[in-house]
Amino acid sequence: MNVSCNLGALAKTKWYEYLVRFAFGGAITVTAGILAKRFGPVFGGLFLAFPAIFPASATLLAKHETRKKQNVGIVSSSRGRQAAAVDAAGATLGSVGLAAFALTIWKLLPYYHSALVFLAAKAVWLTLAILTWRIWRKHLCR
Amino acid sequence: MGGMIVSLFASLGDVLKPKSFAGLFGAAPSVALATLGLTVLADGKGVCRSRGPIHGRRSCILLCILGTLYLANAAQKGQPCAGDNRESYGVAGSRIGNLGGIPAAIEK
Chain A
1 MNVSCNLGAL
11 AKTKWYEYLV
21 RFAFGGAITV
31 TAGILAKRFG
41 PVFGGLFLAF
51 PAIFPASATL
61 LAKHETRKKQ
71 NVGIVSSSRG
81 RQAAAVDAAG
91 ATLGSVGLAA
101 FALTIWKLLP
111 YYHSALVFLA
121 AKAVWLTLAI
131 LTWRIWRKHL
141 CR
Chain B
1 MGGMIVSLFA
11 SLGDVLKPKS
21 FAGLFGAAPS
31 VALATLGLTV
41 LADGKGVCRS
51 RGPIHGRRSC
61 ILLCILGTLY
71 LANAAQKGQP
81 CAGDNRESYG
91 VAGSRIGNLG
101 GIPAAIEK
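Protein chains in written order, with my numbering: chain A, 1 to 142; chain B, 1 to 108.
Calculated from the structure, these hints are not laboratory results.
Be a bit skeptical, because a hint or two may be false.
Quick list of simulated restraints, FRET-style, between CB atoms [claimed, not checked]:
id, chain 1, residue 1, chain 2, residue 2, range
1, A, Leu140, B, Leu12, 21 to 27 Å
2, B, Lys17, A, Phe39, 39 to 45 Å
3, A, Tyr112, B, Met1, 18 to 24 Å
4, A, Gln70, B, Leu38, 40 to 46 Å
A virtual CB, placed ideally from N, CA and C, is assigned to each residue, including glycine.
Please build the complete structure, drawing on both the sequences and the hints.
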């Protein structure tokens, strides 16, 4: 299955759902900062891997899928939960890329310009996440 | 800044298909990017903190695996998902035990 982009999906998300994501992301970032100041950078760093995006997107996805089914008259459906499970499978694979992102910054930041290191780390994250996903699709997802 | 990055990645996840691919962005380093970026801009001491996500990743992977298994299992057994009373007693074809076996229709 090819990867595609549907910009129309943005219109399905309501304004308050965007607001919840924004507030949740901001709150987690502030919490990570406070914990790092209070208990030291290594402990605070644990919270940098907090899945801030996943809970919000999985619940919204389940809601949208359920709503879609209700709109065509199917009241009882497990599709919303199934869609959230697929999203979680993708997030599991993305976590491999997240580790590589952190490792890249950890090893390179002392020696190179920070902007360059962040760009390299993002590239490593994206490449590894996509590669893991492709391997999963090809060999494990039957 | 954290809120903006989280919203951006979440929106990317919204528009991409298939859903398992969009899920990759659920584990995007949004908080790490925001916090490390701000730290480096402020005092250049972010290098120490970047060790953290390598340990935290285990928790993230565990959470996602548990989430996948729980949701797939709940769908298979037809149990309602916690916190969503409108969902009820459907029967699905998801298998648990590995991350495969997702019905193709769900991916679209």
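These are the hints, each one checked on the structure:
no. : hint                             : in the structure
1   : Leu140/A <-> Leu12/B: 21 to 27 Å : holds, 24 Å
2   : Lys17/B <-> Phe39/A: 39 to 45 Å  : holds, 41 Å
3   : Tyr112/A <-> Met1/B: 18 to 24 Å  : holds, 22 Å
4   : Gln70/A <-> Leu38/B: 40 to 46 Å  : holds, 42 Å
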